[in-house]
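Use these hints to put chain B onto chain A, whose structure you have.
These are the residues of each chain, in order.
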Amino acid sequence: MSAPDVPGSRPALRPLPGREEDLAELLTLVARGDEAAFEAAYDRLARPVYGLIRKVVRDPAQSEEVAQEVLLEVWRSASRFDAGRGSAMTWVMTIAHRRAIDRVRSASAQTQREHKVSTVVSVAPEGVAETVESRLDAERVRRCLDSLTELQRQSITLAYYGGHTYPEVASLLSTALGTIKTRVRDGLIRMRDCMGVSW
Amino acid sequence: MKLGRHVKTGRHDLHGLTGAYALDALTGLELDQFEHHLHRCPPCENEVRGFRETATRLALAVAASPPPELRERVLTLASLTRQLPPEVREVPPARSPWLPRMTAAVAAAAVAAAVALGVVQSSTQQRLDQAQAESRSVAAVLAAPDAHLAVHRTTAGGVATVVASPSRHAMIISTAGLPALSGGKVYELWFVSGGTARRAGLLPAPASGRTAPLLASGLAAGDAVALTVEPAGGTSQPTTKPIVVVAL
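Same order as they appear, the protein sequences are chains A and B.
Under the working numbering, think of the first position of the first sequence as 1, with each following residue one higher.
Under the working numbering, think of the first position of the second sequence as 1001, with each following residue one higher.
Treat the hints as calculated values from the structure; they're not laboratory data.
Because the structure is a prediction, the values reported are computed rather than measured.
For glycine and all other residues, C-beta sits at the position ideal for the given N, C-alpha and C.
Every clue listed holds true.
Going by beta-carbon spacing under 8 Å, a handful of chain A positions derived as facing chain B:
1) F38
2) Y50
3) R54
4) A67
5) E69
6) W75
7) R76
8) S79
9) H97
10) R98
11) A138
12) V169
Listing some non-contacts, in silico: residues in chain A with all C-beta distances to chain B over 12 Å:
13) E25
14) T149
15) E150
So that you can see chain A by itself, here it is in the shape it has in the complex (with noise of 0.2 Å):
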């Protein structure tokens, strides 16, 4: 994907709004309605938000459909993001999960997961930087996961990836919930210092 097609009239954006700090900005010219920057922040935010709800939803047509209620929730609601509280990358993740988890916990949905398999669909070419940071990313998130001991691990990735609540994940790991609790929480502190996450 090359980068976003912004008009020049905004100085203050850089030319490839790659890091956070851009994204932080495009939100702002968002929130003002301004549709060139929204158009900015979907190249931004497409592949992460989609790639997210597909490994909690799995369902293609389904994904789809939450993707398109995440981002247009994100034009609706720009104004409501406050830097001061998270990076904008957290809060448009934020809303995807909750949607994906919405969706895979209502019943229906519950049941089509269960019965449907997943179909394989194609991928649309992808620019080579991008491609690589993403590899990147991914390197490291696998290390800082092998970092972690397997129940932690497997606390963190059934919750996160899976959607499952945390009792679900002891049911699934025949593991008390108080032990859980506290997987969950001491793997996400391994994780958050391995990869240098401040906040």
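Below, chain B without anything else, positioned relative to chain A:
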């Protein structure tokens, strides 16, 4: 498993739920209790924030390209969707204002309010609330990937706004500026196909010149939508010339 302890979560226990909360793995009573606690526990808020940033890294690691047609659809729908105003009052909210936690249905219904009501500048919270009370079906139509919108002037004056989803076999119609009718007459909605008309419902009585969104199901591929003026209670076949016909 100590179920009793799980149900009766003490304050001390709540601190330990930051991780599960950050991964959206809490539900029900426990979620409510934790969120209540969170606003009065800055260290917890801080920890949740760090965990959410961490979860974002997990998300980025699985990024994947959506179907290319999603882009045009999202950009078009955005251009038709009214945005939320910033929150300017400091009200202690029940849930974090930073992340308004809406169900998909409520959020989509709010979008429905913006789109289907054709709200431009005059949107009021009341109107949004009213639209949010609309059924899940409205949300489903609006969230449908093939949902599209048409705005037409009627020959009687005013405009009709239609959001239709062929895949959901349903549409939503709202109007603004249609003339008030006397003698109990009503505006009746029709699905028209190949010279035949099927009843699709009666528009609700207008309030300040607008009719609230009406959901009509039974839409078939190739149908057009028409509005006529009919006697009280409506008729089984149109008796007057349509004031608007919308091809979908």
